Structure formats: C-alpha cells, structure tokens
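J.: What follows is each chain in one-letter form.
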Amino acid sequence: MADFLYFTEIVGLKVYDLKGRRIGRIEDAALVPLIDPVRVDRYLVGGGWTWLTVRWDQIRSISLDGVHLREEILTPYHEDEYMLRIARDLLDQQIIDVNGRKVVRVNDVTFEIRREPENEILRVLEVDVGLRSFLRRLLQGWVPRRWIRAIQRPIAPNSIRWEFCDIIEPDPQRRLRLNISHQKLEALHPADLADIVEVLTPEEREAIFEAIDSEVAAETLSEVEPRMQASILESLATGKAAEIIEEMAPDQAADVLAELEEETSEGILGEMDVEPKTEVRELLEYDEDTAGGMMNTEYVALHQRATVADAMEAIRGAEDLLENLNTLFLVDEEGKLAGAVPIGRLFVAGSETPVAELAAGTLIKVTVREKRDRVTEIFDKYNILTLPVVDEEDNLVGIITADDIISVLRQK
Amino acid sequence: MRILKRFRYHIGVFFAVIGPGFVTAMVDNDAGGIFTYSQAGAMFGYLPLWTLLPITVLLVVTQEMNARMGAVTGKGLSDLIREEFGLRKTFLLMVLLVLTNLSNVMANFAGVASSLSLFGVSRYISVPLGAAAVWLLVVRGTYRSVEKIFLGACVVYVSYIASALMIEPDWKEALINSIHPQLMLHPGYLAMLIGMVGTSIAPWMMFYLQAAVVEKGVSEKEYKESRVEVVVGCIAMAVIAFFIIVACAQGIWAHGPREIEDAADAALALRPFGEYAYILFGAGLFNASLFAASILPLSTAYSVCEGLGFEAGVNKRFREAPIFYWLYTLLIVIGAGLVLLPDFPLIRMILWSQVLNGVLLPVVLIFMVLLVNKPELMGKWTNSRFYNFVAWTSVAVLIGLTLALVGITLRGMGY
Chain A
1 MADFLYFTEI VGLKVYDLKG RRIGRIEDAA LVPLIDPVRV DRYLVGGGWT WLTVRWDQIR
61 SISLDGVHLR EEILTPYHED EYMLRIARDL LDQQIIDVNG RKVVRVNDVT FEIRREPENE
121 ILRVLEVDVG LRSFLRRLLQ GWVPRRWIRA IQRPIAPNSI RWEFCDIIEP DPQRRLRLNI
181 SHQKLEALHP ADLADIVEVL TPEEREAIFE AIDSEVAAET LSEVEPRMQA SILESLATGK
241 AAEIIEEMAP DQAADVLAEL EEETSEGILG EMDVEPKTEV RELLEYDEDT AGGMMNTEYV
301 ALHQRATVAD AMEAIRGAED LLENLNTLFL VDEEGKLAGA VPIGRLFVAG SETPVAELAA
361 GTLIKVTVRE KRDRVTEIFD KYNILTLPVV DEEDNLVGII TADDIISVLR QK
Chain B
1001 MRILKRFRYH IGVFFAVIGP GFVTAMVDND AGGIFTYSQA GAMFGYLPLW TLLPITVLLV
1061 VTQEMNARMG AVTGKGLSDL IREEFGLRKT FLLMVLLVLT NLSNVMANFA GVASSLSLFG
1121 VSRYISVPLG AAAVWLLVVR GTYRSVEKIF LGACVVYVSY IASALMIEPD WKEALINSIH
1181 PQLMLHPGYL AMLIGMVGTS IAPWMMFYLQ AAVVEKGVSE KEYKESRVEV VVGCIAMAVI
1241 AFFIIVACAQ GIWAHGPREI EDAADAALAL RPFGEYAYIL FGAGLFNASL FAASILPLST
1301 AYSVCEGLGF EAGVNKRFRE APIFYWLYTL LIVIGAGLVL LPDFPLIRMI LWSQVLNGVL
1361 LPVVLIFMVL LVNKPELMGK WTNSRFYNFV AWTSVAVLIG LTLALVGITL RGMGY
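In order, the protein sequence lines correspond to chains A and B. Numbering follows my numbering, in which position 217 of the first sequence is assigned residue number 217; successive positions increment by one, without gaps. Numbering follows my numbering, in which position 138 of the second sequence is assigned residue number 1138; successive positions increment by one, without gaps.
Hints were generated in silico from the structure; no laboratory data involved. Because the structure is a prediction, the values reported are computed rather than measured. Even glycine gets a Cβ: it sits at the ideal position worked out from N, Cα and C. Treat the hints with care, since some could be wrong.
Unchecked claim - Here are the simulated lysine-lysine pairs, DSS-like style, with alpha carbons at most 27 Å apart:
{"no.": "1", "chain 1": "B", "residue 1": "LYS1316", "chain 2": "A", "residue 2": "LYS102"}
{"no.": "2", "chain 1": "A", "residue 1": "LYS371", "chain 2": "B", "residue 2": "LYS1148"}
{"no.": "3", "chain 1": "A", "residue 1": "LYS240", "chain 2": "B", "residue 2": "LYS1221"}
{"no.": "4", "chain 1": "B", "residue 1": "LYS1380", "chain 2": "A", "residue 2": "LYS240"}
{"no.": "5", "chain 1": "A", "residue 1": "LYS184", "chain 2": "B", "residue 2": "LYS1380"}
{"no.": "6", "chain 1": "A", "residue 1": "LYS381", "chain 2": "A", "residue 2": "LYS371"}
{"no.": "7", "chain 1": "B", "residue 1": "LYS1224", "chain 2": "A", "residue 2": "LYS102"}
{"no.": "8", "chain 1": "B", "residue 1": "LYS1148", "chain 2": "B", "residue 2": "LYS1089"}
{"no.": "9", "chain 1": "B", "residue 1": "LYS1089", "chain 2": "A", "residue 2": "LYS14"}
What the hints assert, rightly or not - Selected chain A positions facing chain B (in silico; Cβ < 7 Å):
{"no.": "10", "residue": "ASP92"}
{"no.": "11", "residue": "ARG105"}
{"no.": "12", "residue": "ARG137"}
{"no.": "13", "residue": "THR201"}
{"no.": "14", "residue": "MET228"}
{"no.": "15", "residue": "SER231"}
Said to hold, decoys possible - Far from chain A, by Cβ distances over 12 Å, these chain B residues were calculated:
{"no.": "16", "residue": "PHE1085"}
{"no.": "17", "residue": "TRP1135"}
{"no.": "18", "residue": "GLU1173"}
{"no.": "19", "residue": "SER1219"}
{"no.": "20", "residue": "ARG1227"}
{"no.": "21", "residue": "ASN1388"}
With these hints in hand, go ahead and build the complete structure from the sequences.
T.: This is the structure we're talking about:
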C-alpha cells in the first residue's frame, strides 16, 4: 500500500474501534506546531452528537481502508488555540511559497505515513497546489479514492515542501501559539519579498512587516510601490515604523514620509533618533519634483588636498555605503564642491598622490532647485552614475544616483 | 489652514481612488444595456424613466458592499468565496461566470460589428481588429496604462448626452416621468421594466468592482472617498441611461412606437434629426461595446484564476500565468469568432445568457451579503441592522425580478 495519504483522502475515512466497530468519520486533522511542526497531532472524528478527538498515539493503523484505533478513551473535541486545523486553517487559504517566491492557494496536503511498531503516524510532507490537487478536491467524496489516484496520474504534481511554506497569520497572538515565524522570509531578496507583499491583504502585510527584522523590512519597503508604502507605514505601530524608516536611505525615507498625512509622519519622525531625523527633515523641505527632492545624503566627501591614502581611509569608514559607492567628492574649507573622483582611479594611483589630480575633467553638478526633467536629461547626456547636488552657496548637500533616475523614468 | 489641508488631503485621496466605481458603472451601459434602454424608449417613450431611480438605489446598495469588502479585506470576491465556501462551490460559480460572461463578450463584439456597420465597415474587418486591439491592450499594457484608457473611454459616454440634446426632446415630460412611477399591466411593459433592472445589475460587476478596488490599493481609511466614487459612478450610469431613453423616446416613440432590432437600429432611427445625432449615438455604441469587450474577458480571467488559485495579473508574463492568459485569449477569440459565423443564432445566445445570469446572480448576491456580515472578515465594517434590511430586501427584489426575467425569456423562447 502507498505510504502517503492526501488530506482529501483522509477526510471521510471511517474510524474503527478495537472490536472493529465503526465509530465515525474523520472530519479534520490538526497539527500542534509548538509540540511538533510536522506530525498530525489530533484527528477530529464526527459521528455522534459531537466531534471526538483522536490523539496521534491512539491510532494503530491508517490507510485508504480506514483508521483502526489501539485505544478507545476519546475526548470530545474542544476548540484549542494551539491547533492548526488543516481543513479550516490551511485548505483554500493563501500561503507563501518561499522557494518559488510567490503566493499560492492551498488545494490539498500530502502526508507521509510513518510506521512504528505500535502505531502509525502521519507527517506533513508537502502542500499541494495546481491542477492535480484541484482535480482531487473536485472529485473528493464523489469518486472512490483509488479511482481518483488513477485519474490524476497523468497530471504532473505541483507541490511545495512543508519546510518552504510560510503561513500568513495576521493575529500576533495566534502566530505565537502556532509557532509561526517569518524568518524564512528574511532570506528572500527584498525585491522578491516586496512582490509577495504587494499581493497580500493590508492586514497580512502589516503582520509580515511587524514580524521581520527592521533592516529587511526597510529594504523591502523601499521596493514596494509608493502608495502601498504609505498604507503599510500607517498600519504599523509608530515605534516600529520609525525603526524601519531609520534603516532606509534618507532620500527614500523622505519620499515615503511625504506620502503620509502630516500627523502620521510627524509622529514617526518624533520617534526617530536625532541624526537620521535631521537628515530626513532636511530632505523633506525640498519639492519632490526638484533635485533636492530626489537626492540622498549618503555620499563620501573629502578635503580637496587629501591624498589617495586619505581617500582609502575615508572609504573604509563608510562601510554602509560601499555597495553603491562609485564616486568621491572633493570640497574646500567652506564645504563648496571642488571636484568628483571616480573610485576606480584610486587603484591605479600611488597612495601619496593628491586626489585632486585624479578628478574628472569637467565637474557636472546641479542645484537643489533644478527640475526633475532637467536632472534626468543630464544623466543621459553625460552618462554619469552619480550627480552631486549643491545649494545656492555651491555647498555640496547631496547626490542623485542612477538608480533614482531609473525609478523616476519607470514611474512616468 | 488645517481644515484646508485636510480638505486637500481628501480631494487627493478621492483622485487616488478614482477608477473602479466609474469604470464598473460605465461598462454597465454596454451593448446589451444600450439596446435595452433604446428599446424601452422606442416602445414606451418617457414612461419607463422612473425605473432609473430604484435601479440606481439597487446598484448603489450592491456596489457599495463590494467596494467595502474590497477595501477592508484587501481580497477579491472570488478569493473570499473560495476561502469561506470551499473549492467546489467556487468552481461551479466560476463555470457559470465564464459562460455568462462569454455570451456578454459575444454580445459586445456584435455591438462592435453593428455600430461600425453604420459607418460602412464590414464586420469581417471590425470584429477581428477590435478583438486584436482588446487583446493587445492588456497583454502589452500595464495596469496603470490600461486604467487610463478605460477612464478615457468613460468620457466618451458623453456622446449620448450630446446626441439626446440635438434631438430636442420634451424635457418636461422626461422630468415628470423620472420621478412619477407609471405602472401598466401591459405584459410587454412589465417585461421591459424587469429587463432594465436585469441588464443594470450583473454578476460580473461585483467581481470586477471588488477586484478593481483591491488592485487600486484602496485602504480602510480611504474607503469613504472610494464610496463617494462608487455612488457618483452609479449616478453617472443612470444619467447616461436617462439620455439614451430620452433620445429614443423623442426620436422613435414620438413618431410611432415600435420595436428595434438592435442598438444600431436606434442610431439609424435618429438620422433624420441630424447627421451628428446619428454619428454620436453610433460612436457611443462602438465605444461602449469595445470597452465592455475589453473589460469582461479580463475581469473573468482574473476572478476565475484568483478563486481557483492560479497565477493571474496583467503584470505577469505569459509563462508565469498561462491559465490566466489562455482564458483571457479564449474568451476573446471565441466571443469574437462566434459573431462572425454566418448563421450563428446570436439573439438566442443572448437570451440564454440572460437565463444563466438569472441563475448566477442570486447565488452571488447571497454569498456577498453573507460574506459582508462576517465579523472575522469585516471587523467593524459589517452591515448595520438597517443596512442589512435594505441589503436583503434589495437582494430579494433582485432575485425576484431576475427569476421573472428568466421566466419571461424562457417563455419567449418557446419553452
């Protein structure tokens, strides 16, 4: 006999006591994830006035032919917060397929039968989606179980291993009781996670952002579309929202906050640390459609008389920025912009060389008030990756990077 | 200052949520709707105008619940039905939905054919081109661009207003009949009234509106603005219907009541009143038909895939969401293809679609009111007791009228 069972097959299986008398049919099965994340802990049996609970260790054998008990002291079923009931909580619901990086709807669940000397245990193997399990659900109860197995054979299975399933539970209390964590999601690329989050409901989004690490949350939030960013932040507790905003790049943080109602954004700013808060506040002053509104303040600036060695030192000190750093900026005593040095050039120069000698020929810059269209034009015309932004006194105040431009162009 | 800011915020939100309600209400005046309203005007003049008021109320009551469910749960109607009522019921419902909507698609491609034949374009050119345009629009476009085009199409409905104005109808008569109910025990008249309600409230709208609200990302907080949009949309729909009836009342009925063959026939009858009245009426029909022909397959494919758990979305590629695209494509190809068959019994198909509609609508309505009253889904947003009374009464009225329409249709077909 096959050593696996589908949930559609388990439902309606007849349950027999020690003397072989039928006492009812299985209505549902439940895991208790806090005790064991994969073992079916209880079977709910209907028949008489009320449902009975059969514990996993009371079952001698389970197969397509029915369930035979090895012990008969059954208790009536009571609603229990620690139970994850398959039919009620899993079937037809949406879960996240962490491996496939998408949201799927559960059609059926496959269990493996593990045979022990005294009893037989069911363990969750996979969650079934796609046509094959769809057909099983459609025919369940109308066509004998063995026939269904024969009919479905030509269709390719489409299942997700249980360890790659992430159940979305909006209620935080229940999440604890069911031992659900979203750690699996933190391993995803933020852009993928953002795609997933976008198709979920507001409540589910909130649940995920509340549960995951603030840094991952920040990266994910910056990938979500702007209108949704605002509604996510509004749904979170102010403290959590402030934590996430702090982790974001200041320009993106300012963009998100600008989308919010003033009361909410002020509340979030109030909870933030002083340093990121001032940066974000400064950026919020600028109009969205100007260079000031597009720029961020994550750049490395050096005195114009610095040497290559100094530059290397400065780069080492700017660990957070390394991933996207491609240009260093030179300023004079008063902070006025004096030059731009592509990082690559540092590697071919001696360590005592003054960086000013490595600066690019023409210095391209814009003022904070430059219009957005003009800024994108400049990127196109001069083929640059990073554009410095200066204020009225020519002081360096921020930079615009090519990825900002790509977002602007995509939004049109 | 603060008040002004708040006001500006709400206006901003209103424009952010605009779309779903308007588009749904406008598509409601599709080829079938225009035909019914034209027929009402042509046969009974200004008399049936009063029905527009109760129709608007019924429409608002049902649509509001959909919009609310979409905003609060963030899920489409078919999602909710699947989660709460299981796969088998959802599957049956979706089969019915596909069949009804397929015949609706067909009716609208027929509308494309007859409206363009007014301008001398053969259906063998207009229908395939229309189908290709509709298909490309969604497969090659993004949600945002598609919605912009849809909103643009909504504006074209103004052509009916212009057309009616040119015919110079009897406004006094029209206004009196709009608020003064006229009942006659004339079987044709009763059937006409029921038919008007039947074409105005259709199952696809409920699925489409809720999905559009969700896609738009309307949140609980923005729901107030969204509701305003839905109500304004329903009123706009009734206004357009009003002008269609008035145009046909003055243009056809006033010169002798008669039945018309199709909506294009109504346009032809307006020709003596000026070339523009005729062109505008025909152009309006073309716009409405093409508009509905692009929304219906899309909405159907969405609802089915979401309810049954297949990947869906215009932002996905063909390979990522094959069932979605196949269903979408087949609905268009079959819908447009059947119209081109020389001996295809189109009228009979449309009548059958009304019967299917009558079977589907009660089920969807009942599911809907049950869902909207589930506190675990809706929290504090469930219906109030009074609203529930209104909702169940509306549902009962609609079910009664729809079943009556099914009866009339079946009798008319000789069963």
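J.: Tell me the hint numbers this structure goes against, listed in increasing order.
T.: Hints 5, 7, 8, 16 and 19 contradicted; others consistent.
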